[in-house]
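Enquirer: Residue strings, one per chain:
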Amino acid sequence: MRYAETGYTLEVDLTRGNVERVETDPKETELLLGGQGIAAKILFDRIPQGMDPLSPENLLIFSTGLLHGTPVPACNRTVVNTISPQTGLMAHSLMGGFFGPELKHAGYDRIVITGKAPDLVYLWIHNDKVEIRDATHLRGKGARETAKLIEEELNNQYIQVAAIGLAGENRVFTASIEHGFSSAARGPGPVMGDKRLKAIAIRGTKDVYVAKPEELFKMCIDLRKKMAESKDVGDWMASDEDDSFHHNHFAWGNARTRQKTYWSAELQQRWTDWKYDHMDRQAGCYNCPKQCINVISWPGYERFGYKCYGKDTYHMAAFKELDYSYEILGTALEYGVDSYSTPQAAAFAVELYEAGILTDEDLPDFPSDSGERIRYLLEKIVRREGIGDYLADGVYRAARRIGKGAEKYDHNTTKKFEQLPIKLGKLNPPYFLMIATGEKMAITQIEGSFPQDPLPTMKEREEFVEKWRVVIPDEKFAKYFLEWEKRHDISDEASCNITDWNEAMHYLDDSIGFCGFCSSFRGQFGGGVVYHINNMPEIVSLATGMDFDKDKLWKTFQRIRNLVRAVNVKRGMRRKDERPPEDHWAVRDEESEQRLLDIYYGFKGWTRDGIPTKETLDSLDLGFVSEDFLKSGILTGDETIASPEAPAEKDEEQKSGGR
Amino acid sequence: MKKKVRRIRVNLDKCNGCRACEMACSAFHATPRYSSVNPSRSRIRVVTDILNDEYVPIRATDYTKAQCDGRRVYTINGKDYSECSFCGSICPARDLFKDPDSGLPLKCDMCESDPPQDEPLCVQACSLDALTYEEVEEEIEEEIKRSEVELGLQSLVDRYGLVEIRDIVTRMAHRD
Ligand code: SF4
Ligand code: SF4
Ligand code: SF4
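First to last, the protein sequences are chains A and B.
Residue numbers for the first sequence follow my numbering, so the first one is 2 and each next one is one higher.
Residue numbers for the second sequence follow my numbering, so the first one is 1287 and each next one is one higher.
Please keep in mind that the hints were generated in silico from the structure rather than gathered at the bench.
Hints are not guaranteed to be accurate.
What the hints assert, rightly or not - Below, computed lysine-lysine pairings styled on DSSO-like, alpha-carbon distance capped at 30 Å:
no., chain 1, residue 1, chain 2, residue 2
1, A, LYS553, A, LYS468
2, A, LYS219, B, LYS1393
3, A, LYS213, B, LYS1384
4, A, LYS219, B, LYS1300
5, A, LYS207, B, LYS1300
What the hints assert, rightly or not - For each label pair, taking beta carbons as the anchor points, the in silico distance ranges come out as:
no., chain 1, residue 1, chain 2, residue 2, range
6, A, ASN535, B, LEU1448, 42 to 52 Å
7, B, ILE1362, A, HIS250, 50 to 60 Å
8, B, ASP1381, A, HIS250, 48 to 58 Å
9, A, GLU380, B, LYS1351, 50 to 60 Å
10, B, THR1418, A, PRO368, 34 to 44 Å
11, A, LYS219, B, VAL1422, 47 to 57 Å
12, A, GLU380, B, ILE1362, 27 to 37 Å
13, A, GLU58, B, THR1418, 48 to 58 Å
14, A, GLU486, B, ARG1293, 51 to 61 Å
What the hints assert, rightly or not - Pulled from the structure, derived: some chain A residues nowhere near chain B, Cβ distances all over 12 Å:
no., residue
15, ILE43
16, ASN249
17, LYS381
Since the model is a prediction, treat every value here as computed from it, not as a measurement.
Every residue, glycine too, gets a C-beta built ideally from N, C-alpha and C.
Given only the sequences and the hints, what does the whole structure look like? Please build it.
Expert: Spelled out as structure tokens, the structure:
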């Protein structure tokens, strides 16, 4: 009997209209857990070299986490992976809600979709019964509207739906997949649209078994209680109305303008009133006691829900206030666009217009009000109309297509992907490493366990560490933190280990299914997360019956981390792609940054070019990767790991990442 | 007569729609206990319509052969609720509180067990106090409690007729 997982993958070929239920190998689970871990293996094995992400061969994979559907609370993140047309690399995308657990109850650990339907379709999965159904009547419909219409059509109130809106249908690169009030952004939306897959509807009524029922359930009751009571998990922004952090510290417009004294008590009161006068409820995700989603009904607009910083991006792009975001969010979510990168692409166009690079010819009837402008551009982007067709490819590609010096205005992307609009003074070394080498594209998906800033006094540090001891992987992290005085001043060794630990928790979350607000993202604030490297092994063991201890789980992270890197190396990603935005910090020192990068590559067992060596791969049971790399010439087998002392290899001509 | 009545109060305003109550109920009723989870086997279901901001946990009350005529819609605070959203009947009009495999009714048994639970499992799982448990002394008429087996049989009788069921049971008894 398979515990926690179902042991089946649903393979869907939209070109042939074929659907197959395929049994999987439990050994793979032990090596890669589930979720993104196994998805990375599927992408590595099956994506042909040099494939165009917008070709039928691309795969779109919806994965459950290993522990979805078990009693383990806040374990509901659905992972969506594909090769992103925006970056050309492996897309990393997550959504909360109910989709993954429902899929597991339908009897599948994941859906692997290939091919391209002749016209718009949706997938209807009802346990063993799987149908590809016509969706031409849903063309152009909003994402949530689509879910509602499918619910009526199937006459089933208990289905879970993930759908794309107009943006996804039009293959807007910043399109998201929407499910309830959760979205999966950063890549899969346009691929779903390219496959002409409007939606997936699921109803599952099968049992999910666990290996050690009594112990696990008891543990889960305790965990849940802790979560409910703790301020150190969940999204504090759902109820903390002081949002000076984002407004004073993040850059407005095209990630450009800081307003360091923007926030005021009067403003806070006004915004708080707007929110609470129109908030119906704070909702949550499957089997989680937190309430991170603010559900708002703003007069004249559809009800919508948002989380975290999602409420800020539109008004910060437009230099407006919260009511502006409230007016636009419902519409944007129906269109299905990522609220992080889309407003940036729009604000980028506004800047180009003001610089005279875009003209009235490119933007006919362009309004003069800053808010009207972003709205105008949003409408163009989701329809790929006129200049919207350029902007829909994201800032990096739009800049190159527009030309005329527009490239200079693309100042906030890494690996062709929009970064958070943060502009700081001195370089924070672990952040340099995370932004440079991270492959989850957004820093929020990479940072999270080690605090962003030192605490001012030793007493405060000691207090923090006291509580933190439960969650840290090793005593050395306590030492790093206690000794840390200035943000930019931290040892190379600490920087490497911090980056690794931060990444570890995300890679484990995204394979097991945990929500980062109870785990990987949240430890940096408060230090008291509920899931951490010290209790994850036991939870996984009790649920699956496989024996995991801390070392084995850590090694599993390393395996998945290197496998994801392998997918991207195969796609052409190399050292020269690993550069944070040039203006992310005002004070830069190329030489010491590259030195740190060498040290980190060495620490990871990677070559000077950021490729895992044969030894590294083989030691992580990734022999199939090293074999592939030797065959295709990516590795020769003689590589040594990077080190700042090693003589620089001859500057071979490097291939650029992605397409 | 006076009797201790066990009650679960529901506060719709506090519900976040997490369905932990469904998870816990199904785990508790699994055999062996907690060995599996399956919300569609739960005796509590959260009727959800996010665009209407509707989150209503309902517990399965009793099995009924016929559906009622009630299809009224109530508007509360600008949200529309159908009469069914509040009704716990295990009725033929909907696919709710029926075992997904056998179709037999699943009735809330207040998690009666030996030894008894401190609180019903759905209440234990609801950290937001949308569900709260209370025991009160009340004047009530003695009701005849029907077991899960009897309820199941009753629904089969309703579907196939008493004679058929009786014959099958007799046949089965003789086979051993
Ligand atoms: S912590 Fe918040 S975002 Fe995470 S699963 Fe719970 S409700 Fe959802
Ligand atoms: S009281 Fe027990 S049986 Fe009834 S709904 Fe709650 S968990 Fe289920
Ligand atoms: S556990 Fe409580 S909050 Fe969650 S859905 Fe059930 S009643 Fe609502």
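Enquirer: It remains to establish, for every hint, whether it holds in the given structure.
Expert: Each hint, compared with the structure:
{"no.": "1", "hint": "A:LYS553 x A:LYS468", "result": "holds, 25 Å"}
{"no.": "2", "hint": "A:LYS219 x B:LYS1393", "result": "holds, 24 Å"}
{"no.": "3", "hint": "A:LYS213 x B:LYS1384", "result": "holds, 27 Å"}
{"no.": "4", "hint": "A:LYS219 x B:LYS1300", "result": "holds, 24 Å"}
{"no.": "5", "hint": "A:LYS207 x B:LYS1300", "result": "holds, 29 Å"}
{"no.": "6", "hint": "A:ASN535 x B:LEU1448: 42 to 52 Å", "result": "violated, 60 Å"}
{"no.": "7", "hint": "B:ILE1362 x A:HIS250: 50 to 60 Å", "result": "violated, 42 Å"}
{"no.": "8", "hint": "B:ASP1381 x A:HIS250: 48 to 58 Å", "result": "holds, 51 Å"}
{"no.": "9", "hint": "A:GLU380 x B:LYS1351: 50 to 60 Å", "result": "holds, 55 Å"}
{"no.": "10", "hint": "B:THR1418 x A:PRO368: 34 to 44 Å", "result": "violated, 53 Å"}
{"no.": "11", "hint": "A:LYS219 x B:VAL1422: 47 to 57 Å", "result": "violated, 29 Å"}
{"no.": "12", "hint": "A:GLU380 x B:ILE1362: 27 to 37 Å", "result": "holds, 36 Å"}
{"no.": "13", "hint": "A:GLU58 x B:THR1418: 48 to 58 Å", "result": "holds, 54 Å"}
{"no.": "14", "hint": "A:GLU486 x B:ARG1293: 51 to 61 Å", "result": "holds, 58 Å"}
{"no.": "15", "hint": "ILE43", "result": "holds, 26 Å"}
{"no.": "16", "hint": "ASN249", "result": "holds, 30 Å"}
{"no.": "17", "hint": "LYS381", "result": "holds, 27 Å"}
Violated hints for the displayed structure, listed by number in ascending order: 6, 7, 10 and 11.
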